[in-house]
Amino acid sequence: MTTPDPTTDEPPGNQPQRDILSLAEPVPPRTHSRLERIAASAAPAATKAWAEGRRLVRILAAGTRAIRASAARFAGIVRVQAGAVLGPWRKPIVHGLRRVGREMHRVLRRIRLRHALIVTGAAGTLLAIIVIYSIATLPLNGGLQVDPTPSALVLEADGGETFATRGVFKGSKLTAADMPEHLGQAIIAIEDRRFHEHLGIDPQGIVRAAWRNWQAGETREGGSTITQQLVRLMFLSPEQNLRRKIQEAILSLWLERQASKEEILVRYLNTAYFGAGAYGVDAAARRYFGKATKDLSLAEAALLAGLVRAPSQLAPTRNLGGAKERADTVLQAMVETGAITPEQADAARAEPVSLRTPPETPPGTNYFVDIATADARRLLGGSSGDLTLRTTLDLELQQLAEGVIARRLEAEGRPKNASQAALVALAPDGAIRALVGGRDYEASQFNRATQARRRAGSLFKLFVYLAALQRGYTPQSTVVDEPTRIGDWEPQNASGRFKGPVPLRAAFAQSINTVAAQLADEVGIEAVIETAKRLGVRSELPAVPSLALGAAEVTLLEMTRAYAVVATGNETVEPYTVRSIQGGGQQVLVTRPAPTSTSPADLGESRGMMLDLLQAVTREGTGKAARLPNIQAGGKTGTTQEYRDAWFIGFTPDLIVGVWVGNDDNTPMNKVVGGDLPAQVWRDFQSRAAPLLARKRQAPAHQAAPEAGPRDPVPSEPGDDLVRGVPEVLDTGTLAIRGTVIRLEGIQGERGNMARQLARFLRRREVACAPGETPGFQRCRIGSHDLSAIILAAGGGRATPDAPEELQAAEDQARSARLGVWRRRR
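In this text, residue positions in the sequence shown follow the working numbering: the first is 1, and each later residue adds one.
Check each hint, because a few of them may be wrong.
As the list claims (entries may be wrong) - DSS-like, lysine-lysine: derived pairs with alpha carbons at most 30 angstroms apart:
| # | residue 1 | residue 2 |
| --- | --- | --- |
| 1 | Lys-416 | Lys-533 |
| 2 | Lys-294 | Lys-245 |
| 3 | Lys-261 | Lys-324 |
| 4 | Lys-170 | Lys-324 |
| 5 | Lys-261 | Lys-170 |
| 6 | Lys-173 | Lys-324 |
| 7 | Lys-173 | Lys-245 |
| 8 | Lys-291 | Lys-261 |
| 9 | Lys-294 | Lys-261 |
| 10 | Lys-245 | Lys-416 |
| 11 | Lys-91 | Lys-170 |
| 12 | Lys-261 | Lys-245 |
| 13 | Lys-671 | Lys-499 |
| 14 | Lys-245 | Lys-291 |
| 15 | Lys-261 | Lys-173 |
| 16 | Lys-294 | Lys-499 |
| 17 | Lys-261 | Lys-416 |
| 18 | Lys-696 | Lys-499 |
| 19 | Lys-696 | Lys-624 |
| 20 | Lys-416 | Lys-671 |
| 21 | Lys-294 | Lys-170 |
| 22 | Lys-91 | Lys-173 |
| 23 | Lys-624 | Lys-671 |
To be verified - FRET-style restraints, in silico, Cβ to Cβ:
| # | residue 1 | residue 2 | range |
| --- | --- | --- | --- |
| 24 | Ile-67 | Ala-350 | 34 to 42 angstroms |
| 25 | Glu-103 | Ile-67 | 23 to 31 angstroms |
| 26 | Thr-162 | Ser-687 | 26 to 34 angstroms |
| 27 | Ala-411 | Glu-605 | 38 to 46 angstroms |
| 28 | Ile-77 | Asp-328 | 52 to 60 angstroms |
| 29 | Ala-374 | Arg-619 | 20 to 28 angstroms |
| 30 | Glu-526 | Glu-571 | 20 to 28 angstroms |
| 31 | Gln-258 | Ile-129 | 23 to 31 angstroms |
| 32 | Asp-328 | Ile-206 | 46 to 54 angstroms |
| 33 | Ala-411 | Thr-162 | 29 to 37 angstroms |
| 34 | Thr-162 | Gln-587 | 16 to 24 angstroms |
Don't read these hints as lab results, they were simulated from the structure. We put the CB at the ideal spot given by N, CA and C, even for glycine.
Working from the sequences, and respecting the hints, build out all of it.
This is the structure:
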């Protein structure tokens with residue numbers, strides 16, 4: 001670390017170059033002594049302090065006079081009131097009080113110097129005892145305690161985007177040679193400007209901090225030195241009391257004698273907490289920027305230096321705006337201390353700082369992250385070190401899944417008394433592409449897709465009919481819907497009526513309970529259980545007749561897995577979340593083999609017939625609400641007694657998707673069946689997922705030859721209907737351009753803070769607006785970006801029910817990340 005030159009006021013690296021010709025001058029310029037320089041700099045400060053002191057004295061004198069006047073008025077009021085209340089007792093009481101006062105005055109006059117010395121000695125003795133006690137109780141195992149974790153996990157989506165982290169990032173212990181000079185300068189400038197001058201404790205810094213905090217009326221600046229902060233991190237507990245402050249001072253003086261300033265600074269940077277689970281500057285550099293500490297730019301170093309004061313509050317993964325504002329403060333401090341020039345600070349402010357991870361883990365993905373983390377631990381056992389997981393999650397499908405569930409429950413959940421839902425989307429090879437374990441992870445971490453065991457209802461009929469098809473039945477076989485009694489059990493149909501002879505296909509499509517009970521009784525409950533186990537159901541299945549109608553408790557994931565076996569024809573479908581795992585050195589630890597054609601399931605012709613039955617459900621049966629135009633699909637509904645659970649599991653060529661709707665407390669819903677909310681959620685998801693997946697399959701071709709397309713809401717050439725200008729924001733869905741009111745298509749506008757933020761964003765920016773697809777509304781652009789999509793993606797408003805799909809997708813993105821208006825909803 002470079003030390004200041006004691007013969008000049010210029011900081012290191014900024015000293016002016018002496019003119020070579022000046023060396024020949026016979027009389028060199030006189031250099032002022034350090035004492036003279038201190039005296040010269042102290043005079044203005046003393047004058048200012050004297051003026052401020054006189055001002056404070058005048059204020060105190062005026063306050064004292066006001067208090068005395070108020071006291072006199074109060075005393076007069078008390079005398080009048082006392083005379084009225086006490087009456088004849090007033091004079092004896094006043095006389096007694098005066099006598100007490102004279103006695104106290106007489107006692108105080110007897111106090112001599114020896115008494116003052118006794119009191120002072122007692123206070124000094126007490127202080128010495130406190131100091132000795134503080135030294136005797138110095139903690140040997142205090143300091144910053146990092147919770148032990150096997151490893152820190154960085155999770156990447158299937159496309160390589162980093163979307164979540166888990167665990168504690170410890171990093172490596174670095175030396176001074178591993179750190180850029182501007183990093184140390186940034187820490188010193190913002191945390192301890194006199195670091196190279198004090199001996200561990202800085203009385204001047206304490207007074208300065210107290211003065212600035214008093215001026216601000218709140219605590220804005222601390223007086224602790226870097227040495228004190230390091231002592232606190234290494235040796236002391238976080239409690240706040242006089243003993244700990246004394247211990248901190250003693251240890252700081254001791255540490256300054258044991259280590260050099262450079263060693264203290266390096267230890268501090270290796271120990272400090274930088275937020276987001278990163279301990280030490282190496283962990284922080286890799287956590288936030290994905291690079292080594294020595295490669296940090298000035299802007300990145302300033303951002304990290306600004307975190308140590310309030311790491312949890314300013315962590316850029318949580319508060320990127322606050323972290324950048326703090327970084328600006330650091331750069332200004334570096335300019336004031338001479339570490340950098342104003343031009344360097346301006347260049348650093350203009351430099352874009354991009355994070356390796358998104359601003360914050362989208363809350364909805366945490367259900368998936370929980371499963372992926374458990375899978376990684378299972379695959380690696382007790383492996384330690386930071387790990388990177390490449391997962392199966394498709395972020396667009398995940399946002400879509402969260403959005404359709406939230407939208408349906410907001411619109412219909414309250415009147416139908418449905419408060420929770422879950423969704424699982426599997427690829428044909430078992431990869432979990434999207435998973436929603438509940439309505440709000442922050443409110444409840446219980447995963448209703450993998451942990452909740454609920455009765456399956458008619459969803460379980462898949463195994464009954466499949467067992468029957470394997471024993472000779474066909475979709476055309478005739479079965480009879482009639483009153484049925486098996487032992488003491490009499491199954492009833494939801495309609496309360498019986499249809500008599502019906503084809504097997506119609507019985508399955510209409511989910512007739514009596515037929516399912518008869519088939520299960522004929523083939524045997526054990527055969528039904530064996531079929532369910534073969535398809536992947538792992539829950540305990542009771543061998544009772546009512547099992548045919550779903551009396552067993554199962555999870556959504558295992559039932560979706562079972563339907564996937566039938567849909568794909570594979571022998572087994574094993575759901576998984578992790579494709580590969582890399583260690584800290586980028587070495588590959590685990591790789592899942594690429595999907596290959598697996599052995600076909602031992603279902604024979606029964607699989608084709610079962611697919612025919614499942615497609616009949618969506619074509620003409622209880623699952624018609626899930627029907628998709630121009631997409632081949634099949635599935636099955638399920639409803640339990642008193643409408644406590646409602647299910648729909650279906651498939652397309654690309655995805656097998658299961659949906660559950662219900663309440664955590666198992667209370668009945670308002671007549672919600674599997675063909676109602678669950679089928680609608682399934683259709684909403686699949687109808688938007690299909691074109692999304694098709695676009696991804698064709699992405700290389702589109703990237704090679706992109707086209708603007710007719711969907712561009714703003715024409716590239718000016719026209720009579722085009723409105724351009726700098727807008728005035730009325731609300732987030734309404735603008736005004738030169739007196740013309742512009743209503744943005746697809747947005748329900750918000751006022752207040754959201755409108756003010758949009759106004760700041762649009763300040764001095766020109767927008768171009770053209771009529772949208774909806775009469776009376778317009779679509780606007782800033783450059784090549786759609787303004788409506790920008791507003792919705794930032795949570796500046798809500799999409800209208802008839803908003804185009806791209807705007808609904810933007811709203812889903814903001815809802816998933818809990819941005820803007822969605823941050824308030826819990």
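Okay, the hints, checked on the actual structure:
no.: 1; hint: Lys-416 with Lys-533; in the structure: 34 angstroms, violated
no.: 2; hint: Lys-294 with Lys-245; in the structure: 35 angstroms, violated
no.: 3; hint: Lys-261 with Lys-324; in the structure: 28 angstroms, holds
no.: 4; hint: Lys-170 with Lys-324; in the structure: 24 angstroms, holds
no.: 5; hint: Lys-261 with Lys-170; in the structure: 24 angstroms, holds
no.: 6; hint: Lys-173 with Lys-324; in the structure: 26 angstroms, holds
no.: 7; hint: Lys-173 with Lys-245; in the structure: 28 angstroms, holds
no.: 8; hint: Lys-291 with Lys-261; in the structure: 26 angstroms, holds
no.: 9; hint: Lys-294 with Lys-261; in the structure: 20 angstroms, holds
no.: 10; hint: Lys-245 with Lys-416; in the structure: 60 angstroms, violated
no.: 11; hint: Lys-91 with Lys-170; in the structure: 78 angstroms, violated
no.: 12; hint: Lys-261 with Lys-245; in the structure: 21 angstroms, holds
no.: 13; hint: Lys-671 with Lys-499; in the structure: 23 angstroms, holds
no.: 14; hint: Lys-245 with Lys-291; in the structure: 37 angstroms, violated
no.: 15; hint: Lys-261 with Lys-173; in the structure: 17 angstroms, holds
no.: 16; hint: Lys-294 with Lys-499; in the structure: 79 angstroms, violated
no.: 17; hint: Lys-261 with Lys-416; in the structure: 68 angstroms, violated
no.: 18; hint: Lys-696 with Lys-499; in the structure: 47 angstroms, violated
no.: 19; hint: Lys-696 with Lys-624; in the structure: 28 angstroms, holds
no.: 20; hint: Lys-416 with Lys-671; in the structure: 7 angstroms, holds
no.: 21; hint: Lys-294 with Lys-170; in the structure: 17 angstroms, holds
no.: 22; hint: Lys-91 with Lys-173; in the structure: 81 angstroms, violated
no.: 23; hint: Lys-624 with Lys-671; in the structure: 17 angstroms, holds
no.: 24; hint: Ile-67 with Ala-350: 34 to 42 angstroms; in the structure: 55 angstroms, violated
no.: 25; hint: Glu-103 with Ile-67: 23 to 31 angstroms; in the structure: 26 angstroms, holds
no.: 26; hint: Thr-162 with Ser-687: 26 to 34 angstroms; in the structure: 29 angstroms, holds
no.: 27; hint: Ala-411 with Glu-605: 38 to 46 angstroms; in the structure: 43 angstroms, holds
no.: 28; hint: Ile-77 with Asp-328: 52 to 60 angstroms; in the structure: 56 angstroms, holds
no.: 29; hint: Ala-374 with Arg-619: 20 to 28 angstroms; in the structure: 39 angstroms, violated
no.: 30; hint: Glu-526 with Glu-571: 20 to 28 angstroms; in the structure: 21 angstroms, holds
no.: 31; hint: Gln-258 with Ile-129: 23 to 31 angstroms; in the structure: 27 angstroms, holds
no.: 32; hint: Asp-328 with Ile-206: 46 to 54 angstroms; in the structure: 26 angstroms, violated
no.: 33; hint: Ala-411 with Thr-162: 29 to 37 angstroms; in the structure: 33 angstroms, holds
no.: 34; hint: Thr-162 with Gln-587: 16 to 24 angstroms; in the structure: 19 angstroms, holds
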